[in-house]
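Going down the list, the protein sequences come from chains A and B.
Counting from 1, one number per residue, gives the positions in the first sequence under the working numbering.
Counting from 1, one number per residue, gives the positions in the second sequence under the working numbering.
Honestly, the hints are just simulated from the structure, not real lab data.
Values in this document were obtained by computation on a predicted structure and should not be read as measured data.
Each residue gets a CB set at the ideal place from its N, CA and C atoms; glycine is no exception.
Mixed in with the good hints, there may be bad ones.
[To be verified] Capping the alpha-carbon separation at 30 Å, the derived lysine-lysine pairs in DSS-like fashion look like this: (1) B:Lys470 - B:Lys60; (2) A:Lys158 - B:Lys105; (3) B:Lys568 - B:Lys450; (4) A:Lys43 - B:Lys105; (5) B:Lys579 - B:Lys655; (6) B:Lys579 - B:Lys689; (7) B:Lys568 - B:Lys655; (8) A:Lys152 - B:Lys105; (9) B:Lys450 - B:Lys470; (10) B:Lys470 - B:Lys564; (11) B:Lys60 - B:Lys105; (12) B:Lys60 - A:Lys43; (13) B:Lys277 - B:Lys579; (14) B:Lys450 - B:Lys564; (15) A:Lys156 - B:Lys105; (16) B:Lys633 - B:Lys579; (17) A:Lys277 - A:Lys261; (18) B:Lys568 - A:Lys277.
[What the hints assert, rightly or not] Pairwise CB distance ranges, derived in the manner of DEER restraints: (19) A:Gly327 - B:Asp670: 30 to 36 Å; (20) B:Glu634 - A:Gly327: 30 to 36 Å; (21) B:Arg212 - A:Tyr430: 43 to 49 Å; (22) A:Gly327 - B:Asp691: 55 to 61 Å; (23) A:Gly273 - B:Asp670: 29 to 35 Å; (24) B:Glu653 - A:Ser434: 17 to 23 Å; (25) B:Asn336 - A:Pro73: 42 to 48 Å; (26) B:Trp42 - A:Lys277: 52 to 58 Å; (27) A:Trp313 - B:Arg612: 40 to 46 Å; (28) A:Tyr430 - B:Val38: 39 to 45 Å; (29) A:Glu184 - B:Gly334: 41 to 47 Å; (30) B:Arg612 - A:Glu402: 41 to 47 Å; (31) A:Glu184 - B:Trp42: 37 to 43 Å; (32) B:Ser523 - A:Pro73: 57 to 63 Å.
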Amino acid sequence: MGLIDDLDRFREVGENRRQDLADFITYGDLGGSRQDSVRIPIKIVDLPEFTYDQRDKGGVGQGDGETPDVGQPVGQPEPDDGDEEEGEPGEEGGDHEYYEMDPEEFAEELDEELGLDLDPKGKKVIEETEGDFTDITRTGPTSTLDFERLFKEGLKRKLGMDFDEEYVRAVLKIDGWGPQRAFEWARTEENIPVSLPWLQEAYEDIPASERTIYRNRAEMEAAVDREDPRVRIRRDGVDQIPFRREDERYRYPEIVKEREKNVVVVNIRDVSGSMRKQKRELVERTFTPLDWYLQGKYDNAEFVYIAHDAEAWEVERDDFFGIRSGGGTRISTAYELAAERLEEEYPFSEWNRYVFAAGDSENSSNDTEEAVIPLMEEISANLHAYVETQPSGNAINATHAEEVERHFRDAEDVAVTYVSSPEDVTDAIYEVLSTEQS
Amino acid sequence: MSDDTEFPNRRESEPDIRGSNAETERDEAKTGWATADVEMQWEADRLEEPVSEAGALAEKLGLDAYPVNYWIVNYDEMNELIAYGGFQKRYPHWRWGMTYDRQQKQGQFLGGKAFEIVNNDNPAHAFLQVSNSLADQKAVITHVEAHSDFFANNQWFGMFSDDPNAASLLSRHADAIESYMQDPEIDRGDVERWIDHILCLEDNIDQYEAYRPVSPANTEREGEVGDIEDQLDELDLSEEVKSQVFDEDWLQAREEDEEHMTVPEEPDTDVLGFLCKYGKQYDEDTERAVDLEDWQADVLEILRREAYYFAPQKMTKVLNEGWASYWESLMMAGENFADADEFITYADHMSQVLGSGGLNPYSLGLQLWQYVENTENRRHVVEHLLRVDGITWRNFHDTVDFEHVVSMLEPADLVAEVDPDSLTEVPESDPRIDSEGLAAARAGEINLEKYPWKLLTEEGLAERHYSLVKPENRGYLSRISMEELERISRYLFETDRYASVEEAIAAVDYTVGWTRMREVRESHNDVTFLDEFLTQEFVDEHDYFTYEYVQSAEEYRVTSVDYKDVKKKLMLQFTNFGKPTITVSDGNYRNRNELLLEHQYNGVALDLGEARDTLERIFELWGRPVALRTIQKEYDEHHIEVARRRDREPEAEEKGLEIRYDGMEFEEVDLSWDAVEHLAATDIDYDTKPDEWLA
């Protein structure tokens with residue numbers, strides 16, 4: 001037992017063995033992500049306890065340099081994190097249940113992770129706009145931290161501090177050379193960042209018999225190969241990068257005239273009675289990263305959220321993943337609405353279009369073949385995708401995904417993917433994104 | 001699992017920092033350490049001086065801390081410590097895994113941060129992460145010294161134990177629970193679930209009482225009946241009386257009463273303790289409640305003990321964090337503990353910690369401590385001024401030249417500008433001068449360039465850092481209200497009159513602020529601290545306000561900037577860990593050994609969803625049906641609509657409610673007002689909405 005074990009047990013919470021806790025899991029604040037930052041979700045399990053009704057409780061805030069007026073609206077209070085963990089004194093105040101990340105960074109991470117590099121093609125509009133986050137400052141919001149630079153500087157520092165230990169040990173084995181002599185050699189002749197205590201210690205570790213192996217320096221140099229730390233690090237990797245605050249840089253946008261790339265993402269979700277909680281969560285887990293990714297890839301991203309059962313209607317993002325209605329399912333209604341919305345506001349000549357739908361593959365009879373597929377062909381888009389979420393494998397009459405897949409087998413702009421558990425999400429995202437890339 | 005909970009590559013600096021003069025003997029000390037990792041050793045080496053100097057400075061400043069053992073740990077070890085709430089070993093549970101997961105993700109996505117961990121223990125243990133910058137390390141060290149002083153001196157910490165020995169306590173707990181989990185007779189999942197149930201009631205203890213162990217009542221009871229027989233024997237009654245009055249039936253009845261004696265005399269907030277004593281488990285096979293297994297009773301008591309151990313930290317968060325931030329800032333910025341090139345990083349670190357959004361205990365606490373210092377200093381100065389002939393509370397503002405007074409209060413050059421080159425002129429007998437320090441400095445043994453404070457006593461340092469002359473506080477004196485002036489003058493004895501303002505100011509004692517602060521840190525907790533020191537002046541200075549959810553507008557709005565309201569809301573947030581007060585009312589409810597809990601309603605309603613979920617867990621710990629009585633607020637749709645049209649707030653209707661859970665399903669019954677009236681507090685009102693908003 002130990003922390004690794006605790007971590008394993010934590011991952012199992014809500015899964016088979018600990019279904020009883022499934023209701024107490026939240027995934028950070030997926031629903032409330034703002035447009036300009038992505039919150040990296042982390043799983044939180046909040047055991048129930050006697051608490052006050054949040055709304056009835058009210059609270060205390062602090063004005064930013066001035067006292068606000070009575071009656072002035074204030075934003076949604078942060079969840080009460082007064083007693084995180086054991087209330088350990090000294091932990092950084094205000095732990096939060098999510099990490100904010102710039103969508104661009106997220107897209108980069110995902111590219112790296114999945115080996116993708118989706119290059120946004122498409123429509124460009126000349127406009128005056130906020131440009132890339134290319135200017136840098138030493139302070140700024142965390143979401144604009146140039147992590148890559150921080151990493152590189154850390155790596156440089158690591159390289160600066162690193163040296164070929166074997167080679168330096170060999171130097172100590174030259175007859176007549178002690179640590180002092182070796183230190184002078186390292187510092188004056190070689191610029192090797194080794195310290196005197198290190199040399200003294202290394203020297204002590206060398207058995208007396210080996211301290212005179214080489215008669216002189218030339219002999220040693222002939223016998224021992226030197227290895228550049230870079231080569232070693234490339235081979236063995238780095239275990240730890242020394243991050244320093246002075247290396248932190250934050251990016252802020254410069255205002256430039258530039259070509260803008262627009263994207264509109266239509267998210268469609270089946271909200272009918274058969275879409276139970278687990279399926280809904282799987283949709284959220286798949287769609288949210290896709291949205292972030294595209295948001296990170298394009299300069300201007302807009303989203304349309306369509307919910308449907310036997311009818312379709314447009315909803316706000318905040319409601320999208322939570323809604324549940326009764327009734328049957330007619331997927332084509334959603335595509336009709338999507339076509340209408342895209343036609344009105346997002347001409348394909350100016351917008352990159354992505355149409356993602358998700359559901360459990362149940363559809364009313366013949367609707368897929370007679371209505372959905374023709375609509376999908378009709379709606380021009382960079383990519384169409386259908387994500388089937390079936391936690392327990394396929395239901396008998398759930399054939400929408402298969403029908404779509406069969407029909408569009410050779411098409412390059414239609415992806416169909418299946419998600420039956422959270423582990424499948426990454427594959428599904430890969431499947432969807434790599435379809436466009438190819 | 002071995003008993004050794006130490007890290008393989010720990011570095012311990014001198015166990016008792018204060019006693020060592022590490023400056024001169026660093027190299028020797030170093031050879032005493034195991035040398036697993038050069039980097040660790042360098043770090044330990046580099047920090048030895050800051051550690052010992054911070055300890056010495058803290059002592060000079062009048063702090064009286066537990067000795068602190070510092071450990072250098074790497075990034076992974078730090079994450080582990082954070083996950084375990086600051087300790088090296090805890091019982092196996094997924095909650096630590098959760099924190100660990102978060103910690104790792106934070107590192108992965110946001111890069112490392114300087115964390116500081118210090119444990120309430122004697123000696124205290126503090127951990128420093130090897131990759132932190134020197135400025136961060138120093139900030140952590142000074143912060144830690146002040147925390148340790150707080151642990152050692154605050155009475156709420158003393159309540160658990162004067163000698164907590166926490167690490168070994170928690171480690172023993174870990175071993176016990178681990179052994180249950182490994183016991184082939186016990187299902188590990190059962191233990192884990194049992195822990196979950198108990199954790200739901202973590203805050204339902206009586207944190208105002210010292211921890212006392214409780215064991216299941218069934219063993220105790222046998223003893224008690226025996227006692228009665230003994231007592232009867234002692235009464236030396238005749239056999240006749242005995243058989244007539246105290247016969248077997250009487251004893252039997254008495255025993256049965258004991259069985260039902262589960263009604264606490266007073267409503268008891270120690271729900272966990274009550275469950276320890278009378279809790280059972282529900283046996284599905286026999287469909288009845290049976291006694292707890294030994295391991296269940298033991299785990300229950302262990303977690304209750306941990307809840308009591310951690311309670312003082314939760315009760316003094318504002319006070320303790322503010323205290324540490326205050327002294328950290330004084331040592332780092334005020335005494336140049338941060339070197340010039342480190343200072344920017346330090347300031348950056350400080351602003352990050354203090355400015356991290358929402359209501360931050362660090363910043364609220366720091367501001368309040370500074371306020372305590374300023375107002376105490378002010379009170380003292382004003383007392384002196386009011387004794388000057390011709391100055392009364394009525395003419396105070398018109399008569400006193402505040403700028404002149406403040407300039408007279410400026411610290412003397414002797415303490416403000418320590419000049420290592422003119423030591424001969426320093427008067428040895430001045431109470432502000434540390435004569436040993438002076439002798440050492442004259443002998444060239446200490447570096448006054450770097451550590452000017454070594455020349456001074458606490459009195460000298462107090463003058464050097466006198467709060468009222470700092471740029472941001474120069475207005476304090478003139479800002480004093482007439483009410484306060486009158487109050488001060490009312491309690492003033494007419495002795496010690498001064499002929500002039502100059503004479504009065506010369507008699508000012510610069511240490512009163514710190515002395516007062518030390519008194520406050522001994523006796524207060526967050527609630528009493530806020531209650532005593534939060535004033536309108538403070539609220540105005542720092543722009544605090546209250547907000548409420550406005551039903552008609554369906555959003556949160558600012559409701560008040562009056563300190564009484566701000567105080568009310570803060571009290572709500574800090575009283576009883578910010579949680580509603582739940583008491584055990586009856587352990588024999590409905591005469592069927594059901595458990596009745598009551599919510600002591602203070603005008604703020606319970607979250608009913610959470611309450612139901614919690615009741616389900618309590619059922620597992622009680623083994624029989626459980627019920628909760630509370631008062632709910634209901635808003636009539638029609639009233640809301642009417643109120644909205646008038647731009648007013650609807651008034652809620654308060655109704656009694658009982659929720660009962662029998663292991664299978666919930667039953668909710670509306671109660672008459674009579675049945676819950678005793679739960680409603682009439683003397684407090686946490687609502688801060690302006691009266692004119694109400695419909």
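Do the hints match the structure? See the list:
In summary, the hint linking B:Lys470 to B:Lys60 is supported, as the alpha carbons are separated by about 21 Å, within the 30 Å threshold. As the CA atoms of A:Lys158 and B:Lys105 are separated by approximately 22 Å, the hinted pair is consistent with the 30 Å bound. A threshold of 30 Å between alpha carbons decides the hint, and for B:Lys568 with B:Lys450 the separation of about 46 Å lies outside it, so the pair is violated. For the hint linking A:Lys43 to B:Lys105, the alpha-carbon distance of about 11 Å falls within 30 Å, and the restraint holds.
Between the alpha carbons of B:Lys579 and B:Lys655 the distance comes to roughly 20 Å, so the proposed pair stays at or under 30 Å and holds. As the CA atoms of B:Lys579 and B:Lys689 are separated by approximately 21 Å, the hinted pair is consistent with the 30 Å bound. Taking the CA atoms of B:Lys568 and B:Lys655, the gap is near 23 Å; set against the 30 Å cutoff, the hint holds. The suggested pairing of A:Lys152 with B:Lys105 holds, with an alpha-carbon distance near 19 Å, which does not exceed 30 Å.
Pair hint B:Lys450 plus B:Lys470 holds up; C-alpha atoms about 22 Å apart against a cutoff of 30 Å. A hinted pair counts as satisfied when its Cα atoms are at most 30 Å apart, and B:Lys470 with B:Lys564 qualifies at roughly 28 Å. Our distance criterion of 30 Å between C-alpha atoms is broken by B:Lys60 and B:Lys105, whose separation comes to about 41 Å. For the proposed pair B:Lys60 and A:Lys43, the alpha carbon gap of about 47 Å is over 30 Å, so the pair is violated.
A C-alpha spacing of about 23 Å is found between B:Lys277 and B:Lys579, which places the hinted pair at or below 30 Å, so the restraint holds. For a cut-off of 30 Å, the pair hint linking B:Lys450 to B:Lys564 is broken: about 46 Å separates their Cα positions. At most 30 Å may separate the alpha-carbon atoms for a hinted pair to count; A:Lys156 and B:Lys105 meet this at roughly 23 Å. For the suggested pair B:Lys633 and B:Lys579, the alpha carbons sit about 18 Å apart, so the restraint of at most 30 Å is met.
Among the hinted pairs, A:Lys277 with A:Lys261 is inconsistent with the structure: their alpha-carbon atoms are about 36 Å apart, more than 30 Å. Distance restraint check for B:Lys568 and A:Lys277: the Cα-Cα separation of roughly 40 Å exceeds the 30 Å cut-off, and the hinted pair is therefore not satisfied. Between A:Gly327 and B:Asp670 the CB atoms are about 34 Å apart, so this pair conforms to the stated range of 30 to 36 Å. A hinted range of 30 to 36 Å holds for the C-beta pair B:Glu634 and A:Gly327, which are about 31 Å apart.
A C-beta distance of roughly 58 Å is found between B:Arg212 and A:Tyr430, which places it outside the suggested range of 43 to 49 Å. Separated by about 48 Å at the C-beta atoms, A:Gly327 and B:Asp691 break the suggested range of 55 to 61 Å. A:Gly273 and B:Asp670 have their C-beta atoms about 32 Å apart, which keeps the hinted 29 to 35 Å range intact. Judged by the Cβ atoms, the range 17 to 23 Å given for B:Glu653 and A:Ser434 is violated: they are separated by roughly 59 Å.
At about 45 Å, the CB distance of B:Asn336 to A:Pro73 agrees with the hint of 42 to 48 Å. For B:Trp42 and A:Lys277, the Cβ-Cβ distance of about 53 Å falls inside the hinted range of 52 to 58 Å, so the restraint holds. Checked against the hint of 40 to 46 Å, the pair A:Trp313 and B:Arg612 fails, with Cβ atoms roughly 32 Å apart. The hint said 39 to 45 Å for the Cβ distance between A:Tyr430 and B:Val38, and at roughly 43 Å that hint holds.
Look at A:Glu184 against B:Gly334: about 43 Å separates their beta carbons, and that is inside 41 to 47 Å. For the pair B:Arg612 and A:Glu402, the supplied restraint of 41 to 47 Å holds, since their beta-carbon distance comes to about 42 Å. With their beta carbons about 21 Å apart, A:Glu184 and B:Trp42 fall outside the hinted range of 37 to 43 Å. Judged by the Cβ atoms, the range 57 to 63 Å given for B:Ser523 and A:Pro73 is violated: they are separated by roughly 40 Å.
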